[in-house]
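K.L.:
Going by full-length UniProt numbering, the first residue of the sequence shown is number 1, and it counts up by one from there.
Worth double-checking, as some hints may not be accurate.
[As the list claims (entries may be wrong)] In silico DSS-like links for lysine-lysine, alpha-carbon gap of 27 Å or less:
{"#": "1", "residue 1": "K1125", "residue 2": "K1101"}
{"#": "2", "residue 1": "K52", "residue 2": "K30"}
{"#": "3", "residue 1": "K1149", "residue 2": "K1176"}
{"#": "4", "residue 1": "K788", "residue 2": "K472"}
{"#": "5", "residue 1": "K224", "residue 2": "K209"}
{"#": "6", "residue 1": "K342", "residue 2": "K940"}
{"#": "7", "residue 1": "K608", "residue 2": "K633"}
{"#": "8", "residue 1": "K627", "residue 2": "K599"}
{"#": "9", "residue 1": "K186", "residue 2": "K124"}
{"#": "10", "residue 1": "K1218", "residue 2": "K1149"}
{"#": "11", "residue 1": "K50", "residue 2": "K124"}
{"#": "12", "residue 1": "K176", "residue 2": "K50"}
{"#": "13", "residue 1": "K106", "residue 2": "K52"}
{"#": "14", "residue 1": "K132", "residue 2": "K16"}
{"#": "15", "residue 1": "K75", "residue 2": "K30"}
{"#": "16", "residue 1": "K132", "residue 2": "K114"}
{"#": "17", "residue 1": "K132", "residue 2": "K75"}
{"#": "18", "residue 1": "K16", "residue 2": "K30"}
{"#": "19", "residue 1": "K124", "residue 2": "K114"}
{"#": "20", "residue 1": "K837", "residue 2": "K419"}
{"#": "21", "residue 1": "K50", "residue 2": "K16"}
{"#": "22", "residue 1": "K462", "residue 2": "K444"}
[Unchecked claim] Label pairs and their in silico Cβ distance ranges:
{"#": "23", "residue 1": "E866", "residue 2": "S32", "range": "49 to 55 Å"}
{"#": "24", "residue 1": "S638", "residue 2": "T741", "range": "47 to 53 Å"}
{"#": "25", "residue 1": "D1109", "residue 2": "N296", "range": "28 to 34 Å"}
These aren't lab readings, by the way, just hints derived from the structure by calculation. Note that the structure is predicted; figures quoted are calculated from it, not measured. Beta carbons are placed, not taken as given, at the ideal position from N, Cα and C, and that holds for glycine.
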Amino acid sequence: MRQECSLILTKTARAKMEAHYEKAEQLFNKQSFYRVHIEREAAQEVDELKVKLIISPTENKALQGDVIVMHCLCKEDGFVVVNYQLEQQRYHQHLATNYRLSLDIKFITETFRKGIFAKPFRTKIANLPIAKERSAYVQKRIAGWEGYLQIQESKETQNDIEASYRNAYFNDSFTKLTLQLSLTSKQLQQIENYGVSFTGHAEAGSVSKINKEDKTITVELRGKAQRAARKRELLHSDKLVTFSNRATLIQLQRLRGGFKALANGLAVNPNLEQILFDKKPTLEPPQELAPITFYNTLNEYQQDAVRGALAASDIFTIQGPPGTGKTTVISEICLQNVRAGKRTLIASQSNLAVDNALGRLLKDVDTRILRFGRTESIEEEGRPFIEDNVGYYWLEQTLAAVQADIVQQPTVAQEQAAKITALQTERQQLQQAITQAEADIVQKNEAEQALPKLREQMLACKAQIDEADEKKQALLNQQQALNEQLIAQLNQLEQLFEQQQREPTVAELTERMARYAKQQQTYKTELAYQHVAQQLAQLTVTHSQKVYDQAHYDDAERFIATLTTAERVARYFKHYGLSVRHFPRGLGDTLRSYGQLTKHQQLQVELKQIISELATHLTEQQYAMCKQQAIAKQGHFSMTKLQQGLHSLQDKIALVPLAQWQEQELLTWLQAFMVMSMYVHRKCQQLAVSELTLTQELPYLRSLLPNVLRQERFMNDFIRQTATNHSQQQQALTEQLQAFTITAPTASIATLNNQLQQVAQAQLDVELQLIQLQRLEQQLVDVQQLIKQIEQQQQQVEAAITEQTELSREKNKEGSELQRQAKALKQLQQTTPEHTKKELQQALQQIVAQCEVLEEQQRQQPLIDELRQTWTSLLAGATDEDVSKIREMYVRHANVVGTTCVASARAEFTNSFDTFDTVIIDEVSKATPPELLLPMLKGKQIILVGDHHQLPPLLGDDTLEETMAQILQNNPTFEGKQELAQLLKESLFERLFKQLPAANKQMLAIQYRMHEQIMQSIAPFYADEAGGLQCGLSDSDALRDHYLQTSYFTRANHLVWLDTPTTSEFEEQQMPNGTSRFNEGELTTIANLLRETNEAVATAKQAGLLPQDSQKSVGVISFYGEQVKRLTRLVTQELNLPHLLVRTGTVDKFQGMEMDIVVVSMVRNAQKGGDVGFAKDYRRLNVALSRARQLLVLVGSSDMFANKARQAPTRSMYQTLKQTVQQAGGLQQVEAIGVM
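Can you make the complete structure from the sequences, with help from the hints?
P.N.:
As structure tokens, this is what we get:
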């Protein structure tokens, strides 16, 4: 990118610049464009854009000396330089970073020029992060990773150890050296993995194996030391050796260098820091991929993983549970990158993982593998690709290929001659086919010319057919309408005739009219009679009201003073027929309530008597049950309902005595009357207050009674006068009734009115029937005429339909012929003789070219043979100088490089390989974040392969938990504790796998390592993942048959738990002054198990089931280091197992390994239960269960883990495991086997 921009100097900047140049402008005129790196700085104002321009003499030939640094303000049209300074180049070793914008700039210093400072350029500057702030953010976030390094430093603070050796001898290849030392056991343990130096030969190798019994060590020699050993120059006469951990400390420096590089923005992928630290990093969208040809056989999940990895721009994560083919996927990605011309780095925490991945690529001729690392640490299959060896390896492979070509040349010449003859024959056939294609082209052209005319004729014919069809269809529609109309009229005619038959005659209707008139007159007379009788009855009722004389009311006034109780008041009102309506409202309500109280009290007496009678026919329990149910119901009744209930029961008793009632019937009635009695009791309680109130108001009542009696006298006089008037009216109405000549009717007024209305309606119906008869006769005439008209129209339509049908038939025949001709022409038109001719010509050209190539090869063959002989001579006689040049060229063009994470930061590696198109890191879970960072810094694209359901990394031989526990014991205030604890809960890989979008991750769900029974033991750990975990073995029993039979397991068993008791022999024990544990009972059981397994292998060999020279690989592992030490001593010193290849180790150490048989010593067993320590981590259990291919044997107390473990999740986990073992038929009690 190039850009012109104005540059204005402040006085301060100009003065500083002119201290080095005569004029400031002189600097910018030295060359046209300068390579400039722009870094954004923190501004003092909100709208201010402040930057730093860095110009180095290493990139600008016109400059010399130090690096120019200008601090500027970025304006609309250029830069204003506010300060100028020179800085030494050692402070600017990395000029281009992710925080800087690098480009070529031409500075114009005369004045600001409008418009030359492009807006997109200024936008890019504004979008830069403020470098110091971003760097500080990264440093803050990465500080949590410092805890890993602090732990490692705490383990590597020992001084160098010098010792003398008594004996020394090399292996046959001079790659290993065995020394017998005069060191204590503690010193021997301390120097494991230390570097080894001899007088005159520093860093000769490292300690790989220690035998404390013999006090011997094995040293893996480096390449330079191996060459010195072959020349007898490695060992000095002083027999002194120095052991140092300097290499480990250097590694720590490299890890911190990774921190610094990330903070300074030196990652190849500018998004790396966001990927590592942001919760939801912004990623580039996946690329569109062309169809992929896979070079390995992959299942659907593996294919999706490869596609996703190739499409991802920034990062892709692959979760690979045990045995799911992670290495196959890695090799496929490498092969795809090789074909695409990309360079790939394969890195891992361990050399074994790197060599395993590279081993899949050995047979691909286009893949140029380079293995970087210490020779002694690299597996045998990776050593040919070490930089020192690749020249010789390429030389040997190329020489072998040329010699093979020379041997095969006669056969190749014969094949070439036969192929030329076949191609010439095919050439003649193609020429004939081209001639035929040309004739077809002529026919096609003629068809194209005739087809338009034919189409016009077809269109005209079709138009005539459509017109005839339309007319015919219209006529058919008309015919159908006429038919429907005719049918409708015929139906109507039939209905009219039927209706005429049903209707009465005119004479019948006239006779009915006369009869209805006579009935109407009779009903009117009877109705008049009933109206008079009704009036007379009403007067009689009114006159029946009781009338008292004056003495009655005088007597009542004399007894007012005697009203001293509520009861007397009630009898007084009843005797003298007094009403409460003349009293004030409050007193009147009290009198009414007291009246109701009296009635309810009387009713309550009757109800109790009835309940008593019913109860005599039931038991006490039944009576109590009814009472309880009645209390629960609580009904509400009116006085009328209560009296009706009493009468109903009395009537029923009168018909059927209680002694004859059914028990259920008695219970039902008793419960009902109990509910009624309870209601009446509650009502009496509510009304009881009225008696008290009335008693209190008796004086008031007595004071009102004289006035009330006067009103009663007045009403009595009014009733007497009304009765006199009614007598006169009765006499008049009686005379009217006697005047009627008819017998007194029995029907009521309402009945007579109804009968009168019915007669009137009947008269109206007869009149309507007469009118309908007249209309019906006229409709019959009209329908008969309409039917005749429809029949005439039908005849006319049928004739027209016949005419149009004939016309359509003729035109369809003509059209069919035209279609046949058009189809034939169209088939000719649709043929592609031109394309066929072109393809044939291309094929002919290819054949001619192939013939020419083969013929040219025949002509050149003598020269090729001569060159091959020359190549053979040159390769066979290649000098060391030739091999060195070959090595340099090979390294320069290597497209797949493998190394460990830490080794990728070595200076010699970085100098040769600073950038990779793709960085693949395998077994991510086993590496610490600082280790992962080093190769990640080099990749444009990063692919992480691991399994967060397996263990976090080891630090030395100990788990991270063990190391942290030891450090906290020595240093309770350890600063990195919190950060490490968080990383223990959720690793970097786990966080990325969860946070990244679906397009940037894939789980491999099909495993091929272990028998399906064993797989079921770890399947719950992956149940929540997409697809779960599936078995890819077509027949587990056949493909993972161990062929063994012992008292502990049968040939059908592949998952076994030897369940130990909670007796003292099998109790766990803890090391004095330590945290590690061991279990002697399990050691005894495992010893017997291994002996029987060894014998079973021998038996299987004798039966021909196993090869005679084979050994079963057996891993004996435990959660605790002390138990592993005892297991190692057991296997190496006490047992003789010639048919087994046994390896011991902690569960953590075995991550990444696999064996035919794995035995897990679980150690923890306490009668009271408690914490199960490291075994509660499901990831550790997952690793322990997934190492075996054919047989997995657990040795430990299922009761301790499944029932007595302190944490509920731990118990649940082991209960699930126990159920899985039981379902596989593998749960064995140790006592039952007889092993104690």
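K.L.:
Does each hint hold? Answer for all of them.
P.N.:
Do the hints match the structure? See the list:
1. For the proposed pair K1125 and K1101, the alpha carbon gap of about 31 Å is over 27 Å, so the pair is violated.
2. Taking the CA atoms of K52 and K30, the gap is about 21 Å. The hint holds against a cut of 27 Å.
3. Taking the CA atoms of K1149 and K1176, the gap is near 17 Å; set against the 27 Å cutoff, the hint holds.
4. At roughly 24 Å between alpha-carbon atoms, K788 and K472 fall within 27 Å of each other, so this suggested pair holds.
5. At roughly 21 Å between alpha-carbon atoms, K224 and K209 fall within 27 Å of each other, so this suggested pair holds.
6. At roughly 11 Å between alpha-carbon atoms, K342 and K940 fall within 27 Å of each other, so this suggested pair holds.
7. Only pairs whose Cα atoms come within 27 Å are accepted, and K608 paired with K633 is accepted, the gap being roughly 18 Å.
8. Our distance criterion of 27 Å between C-alpha atoms is met by K627 and K599, whose separation comes to about 24 Å.
9. At roughly 62 Å between alpha-carbon atoms, K186 and K124 are farther apart than 27 Å, so this suggested pair is violated.
10. Taking the CA atoms of K1218 and K1149, the gap is near 25 Å; set against the 27 Å cutoff, the hint holds.
11. The suggested pairing of K50 with K124 holds, with an alpha-carbon distance near 13 Å, which does not exceed 27 Å.
12. For the given pair, K176 sits about 61 Å from K50 by alpha-carbon distance, which is inconsistent with the 27 Å threshold.
13. For the hint pairing K106 with K52, the CA-to-CA distance comes to about 16 Å; that is within 27 Å, so the pair holds.
14. Taking the CA atoms of K132 and K16, the gap is near 25 Å; set against the 27 Å cutoff, the hint holds.
15. Note on K75 and K30: the hinted pairing holds, with a Cα-Cα distance of about 25 Å set against a maximum of 27 Å.
16. This hinted pair does not check out: K132 and K114 have alpha carbons roughly 32 Å apart, beyond 27 Å.
17. Of the pairs offered as hints, the one joining K132 and K75 holds, with about 22 Å between alpha carbons and a cut-off of 27 Å not exceeded.
18. Taken as a hint, the K16 and K30 pair is honoured in the structure, with Cα atoms around 18 Å apart against an allowance of 27 Å.
19. With a C-alpha separation of about 19 Å, the suggested pairing of K124 with K114 holds against the 27 Å cut-off.
20. A hinted pair counts as satisfied when its Cα atoms are at most 27 Å apart, and K837 with K419 qualifies at roughly 24 Å.
21. Distance restraint check for K50 and K16: the Cα-Cα separation of roughly 19 Å lies within the 27 Å cut-off, and the hinted pair is therefore satisfied.
22. For the hint pairing K462 with K444, the CA-to-CA distance comes to about 26 Å; that is within 27 Å, so the pair holds.
23. A C-beta distance of roughly 54 Å is found between E866 and S32, which places it inside the suggested range of 49 to 55 Å.
24. A C-beta distance of roughly 51 Å is found between S638 and T741, which places it inside the suggested range of 47 to 53 Å.
25. Under the hint 28 to 34 Å, the C-beta atoms of D1109 and N296, about 31 Å apart, fit the expected range.
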